[in-house]
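Engineer: Using the sequences and the accompanying hints, generate a full structural model.
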Amino acid sequence: MDTTAERPRIFDRLSVLGDPTRSRILALLERQELTVSELCLAIQLPQSTASRHLKVLAEGGWVTARSEGTSRYYRAADPGATPGTSGRW
13 MDTTAERPRI
23 FDRLSVLGDP
33 TRSRILALLE
43 RQELTVSELC
53 LAIQLPQSTA
63 SRHLKVLAEG
73 GWVTARSEGT
83 SRYYRAADPG
93 ATPGTSGRW
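Positions 13 to 101 (my numbering) are the ones given, in order, by the sequence shown.
Think of the hints as simulated: they come from the structure by calculation, not from any bench. Mixed in with the good hints there might be a few duds.
As the list claims (entries may be wrong) - Restraint ranges, calculated between C-beta atoms of paired labels, are given here:
#1 49 x 20: 32 to 40 Å
#2 32 x 87: 15 to 23 Å
#3 53 x 21: 13 to 21 Å
#4 54 x 21: 27 to 35 Å
#5 42 x 63: 29 to 37 Å
Each residue gets a CB set at the ideal place from its N, CA and C atoms; glycine is no exception.
Structural biologist: Structure below.
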């Protein structure tokens, strides 16, 4: 059962996807893990712009990252990992 206190958190999380670029990034990361450089090549964005969008997605719980050597790999977060959500969509 949803409470009024939970709704704003869920709405905030979903509002992150209102940006078409972030939605495209998430769609790519659902298919495979990518570095920022690989992501920039795939969606034709400057590194700073891609990094900014990844930060917003990470803060919203949509993506996770892991480090390997000097690279950071991003992927879509597990849909059940965020309390209050039963799935990504």
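Engineer: Need the list of violated hint numbers for this structure, in ascending order.
Structural biologist: 3 and 5
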